[in-house]
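Residue numbers (the working numbering), protein chains in the order written: chain X, 1 to 577; chain W, 1 to 676.
Honestly, the hints are just simulated from the structure, not real lab data. One should not assume that every hint holds.
Said to hold, decoys possible - Mimicking BS3-like on lysine-lysine, the simulated pairs with C-alpha atoms at most 30 angstroms apart in a straight line are: (1) W:Lys103 to X:Lys313; (2) W:Lys494 to W:Lys617; (3) W:Lys359 to X:Lys156.
Said to hold, decoys possible - Quick look at which bits of chain W chain X covers, simulated, 3 or more residues with Cβ under 8 angstroms: (4) 69-82; (5) 175-189; (6) 372-385; (7) 421-427; (8) 496-502; (9) 505-516.
This structure is a prediction, so every number in the text was calculated from the model and none was measured. Backbone N, C-alpha and C define an ideal beta-carbon position, used for all residues, glycine too.
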Amino acid sequence: MQSWRRKSLWLALSASWLLILLRVFPVLRLAEPARRQAGAPQGWPRWLDAELLQSFSQPGELLEDGPQPPQAPRGGSCYRGACFDASRCRGGGLKVFVYPAVGPISETPRKVLTSIEGSRYHTASAAEACLLILVLSPDTPAGECHPELPQWDGGKNHLVLSLHPAPCLRIFQLGQAMVAEASPTMDTFRPGFDVALPLLPEAHPLRGGALGQLQQHSPLPGVALIAMAEERGGWRTVGTNFSACPWDGRCEQDHGPKQTHPRATLPNATFCLIPGRNPDALHFLQALQAGCIPVLLSPRWELPFSEVIDWTKAAVVADERLPLQVLAALQEMPLTRVLALRQQAQFLWDAYFSSVEKVIHTTLEIIQDRVSGASAHPSLLWNSPPGALLALSTFSTSPSDFPFYHLQQGSRPLGRFSALIWVGALGQPPLKLIQAVAGAQHCAQILVLWSSKKPPPPRWPETAVPLTVLDGHRKRTRFCVMREGRGTTLLSQASDRFLPYSAISTDAILSLDAHSSLSTSEVDFAFMVWQSFPERMVGFLTWSHFWDETQGGWGYTGERANEFSMVLTSAAFYHRL
Amino acid sequence: MCASVKYNIRGPALIPRMKTKHRIYYITLFSIVLLGLIATGMFQFWPHSIESSGDWSVEKRSVRDVPLVRLPADSPVPERGDLSCRMHTCFDVYRCGFNPKNKIKVYIYPLKKYVGEAGVPVSSTISREYNELLTAISDSDYYTDDVTRACLFVPSIDLLNQNSLRVKETAQALAQLSRWDRGTNHLLFNMLPGGPPDYNTALDVPRDRALLAGGGFSTWTYRQGYDVSIPVYSPLSAEVDLPEKGPGPRRYFLLSSQVALHPEYREDLAALQARHGEAVLVLDKCSNLSEGVPAARRRCHQQQAFDYPQVLQEATFCMVLRGARLGQAVLSDVLRAGCVPVIIADSYVLPFSEVLDWKRASVVVPEEKMSDVYSILQSIPRRQIEEMQRQARWFWEAYFQSIKAIALATLQIINDRIYPYAAISYEDWNDPPAVKWGSVSNPLFLPLIPPQSQGFTAIVLTYDRVESLFRVITEVSKVPSLSKLLVVWNNQNKNPPEDSLWPKIRVPLKVVRTAENKLSNRFFPYDEIETEAVLAIDDDIIMLTSDELQFGYEVWREFPDRLVGYPGRLHLWDHEMNKWKYESEWTNEVSMVLTGAAFYHKYFNYLYTYKMPGDIKNWVDAHMNCEDIAMNFLVANVTGKAVIKVTPRKKFKCPECTAIDGLSLDQTHMVERSPA
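Okay, chain X solo, but in the shape it has when bound (with noise of 0.2 angstroms):
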């Protein structure tokens, strides 16, 4: 009974590894020859002699490439450094001088001639410009293309600006002028030498413009996702339900509810899909105000202001060819980037397309930009708010100099303030102020502008920072400061206090007068909530403005309430911007 046991056990366990010896080799002999056949992939094989091979290069030859007289820039054709003279620029920055109109003009060339009379930029007199502005109008008949221009040269330092496709254009013998037009096309732009500039409606806005037109920034479930630009300029919006390309006429098919929107209205809608044909880059601005996002199919004609703007943060440029693709892309896109893309759109719509002024101050800026070479605008100051048209790269070059860029740069303003007070006409020493300023933890430097008709007192009180005073103009001016892009307006009687002094070294300025009359922990507690909003301004004493009906005019009142709109200078934190 025991052996027969043992034997069987025996038995048992070598029939089992007999099983298992059975079943696995053939799988192994098998595996080894299948899996050499499939070869996995392949790849670049590694070479036995790749440390032997010989450098692309002979040594020495990197260095000697046989010395060669400079090339002549081939005729014909420019670029900035051979065809506009920068160096007249040179003594007193970009001045821009534009011809006057001759005879009756039509309302765009107006328009911009009076924007650009109205820049900063410009001069009366066309010997002290640097660079010459000639308005084409589109409607001049192409045989009286050729005005007489004293100082013409060969267009040499001259910007043939036409915002309307104009036939003069085309026949005119611009030599080495720079060209800043409507959408160009690809093959004759000049890039860093030419002006890409929208293609406006006819009737677009002198000054300030509508605001970008989107309330909601997150797509609404019930939303378009695509509108579609129609040849007769109006949209046509496809549902998000679409089995086909809806831009190609060939397969016409069920695109789903269809809806068609007459020219001018602004669609309503995720993305726009823009077709690369040059006539639909007027739907490129109607789009960029709906803060719809322009899909540009292909585009055959340069982006607005390409040069310093980031096209890829605001729209996508699709292959016309891909649909199915290109719409599944827009489908699947995250809705953070979505998101994203809308906002940009919008921010680029209010910075530099809403007004005509806007339109030409950027290109102005474009070229001063050139001219000032290594303190142009770095990229970030042009992409992001509030845009390079208020961030000016005479205050600094550096976005960390900047109350707006301190999140993306991961830097924040400097940890001090100084302290400005302003002593009016009649004012006096405003001692006590001093010493309660003078106490607050943060603070570097008091600086006291002296107005008063009195002459300042012998000596000032001891205090822990350096105190200095500087002399008022003792002039009463009315001026407007725009507000780092919020939008308010001050009225102030005295604008000395607003001068960029120099002597001002910290990021953050603290405005009193003479009779405030703060407590130095307040001060204090100001100043952080500053550090925590240092684009805003940050103040003690409050009034509103509101638009008075009976009298039809702005009302302004000191009632303190729950709501205000501006806070007063007497006594607020705010940037050295």
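Starting from the known structure of chain X, arrange chain W on it as the hints suggest.
Below, chain W alone, put in the same frame as chain X:
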């Protein structure tokens, strides 16, 4: 192992009825079967390692053994490059098809040795650099070995240096490639174009529609948006070990290290040096080289000798002048030394200029302004120079350092053109890692002027406290800006009260029933939310009055990217305990607001639900707590901005205080950006 334990455990319950001998028998049988299974498993996994090492040895071959191809003298020559080519005219996107990963597929032709009719080789088979380049592509995600699925083709014919190949025969070799098809979708790499005497700025080999990644393009030959301008690789990058030197002022202000310069430039440089003395250093070839030092590593000024490229680290600005070719390898050395290149080469298309912002790392001076170069450079503020030095070094590290870096950047550029909606951004290309980590790109940079008021949607999370819920609803409905009320009914066991029992309010009221009792339900981006502003409110917050809520909403409109809430809390780092501490005491400092009553943008609902990092959401749901802390940290991390606490007091306590009132002071207490 696990399995055997399992059987043993089950054993006692099943086996007692059997006899002992059967039991032993069964146990033995089980263990044998188990052993067998384990053995099978092990053998299944072994072959992989055996096989891969086998392949590795098979692949090793010599370059000299590659197949020979004899080109007949009359084999076709491609047309010269078509200057009007653009991506949408000359590139066949259909070959790229749709790829879910938005990555192009690149095929590399196998290496062959081409000889002319007479048996003279067309070019050297392959250079070390081109081999490196093809290896880099083959190791990358772009590579495919399936020629039918490829969208881009890279010939293995080495075109890096035009001087080492015969132009016509090379073109014939290109034309007989199996998928040539007029060069469509073919990418050619070239670093040294042209040859004496006139040195063309693009490769002279006729190449029809093929894309050219070339070093030394000028604006005349560069097809914007089609070709790719690449740097000329400097072999010193690999040969010399040059530790990084931080930015800051250096011994020489301006340095010129190039050897072969046109006499006119030499004169200009000499004049510069005469005018500015010590600040400018102009180096030239050494006349008497010491033994053992290659000429490339040595530069001299009069009798003084300098080590190259080490001397570049002694200068703030370094000249990169045009030679016969526009692209100069010295640019790579200069960038590496953290010296700001001063590029004087009119019409030169800078490497990767399509994506890199060279304004941040270099100064481009027109040739005719060369005599003014010193004053132009002097006008640059010091801070900006340091920024440029840092940027120059970063460009070298990312895009110039190795052949691999150059190859991958080129493919990335082409990939971004084909899939523009998946393209990487300006910041990704240009920001050095330090900036990338330190910065926060706030997803909500809404217009600075608040848009027209749309009102807000109130979301009340409730379980079963119906009475207090109704009081909250009544109170909230009095707020003028309320546009919709959403009740999230989180109790699955009980039905919400009937419609008739709900308080009658002037705005639409909607009840959402949830599938599970989860705290995260409060932050779900419901389709019913039509406004941008969301008020999250607990069903027991009955002390807030409608004017307080209205005020909170007005504050939110000014700061739409922040959380605006009423009850504040503080978290701080406890140095003694070395951990985070949470405080609910009333203090002057607040780092978060409770979402029991808070306004925020509805986008954060989306982020909370779909983008919450890690398993925080699960933790919250499991513990039924801390959803407010999670939300606070999420908003702070994403926007880099702190919360705003609005006071629950209706009126100011001291109307007689004249100096202090106003939004920013009394009612919002700010703290620094949350460290979370």
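Could you work out which earlier hints the structure fails to respect and list their numbers in ascending sequence? 4, 5, 8 and 9
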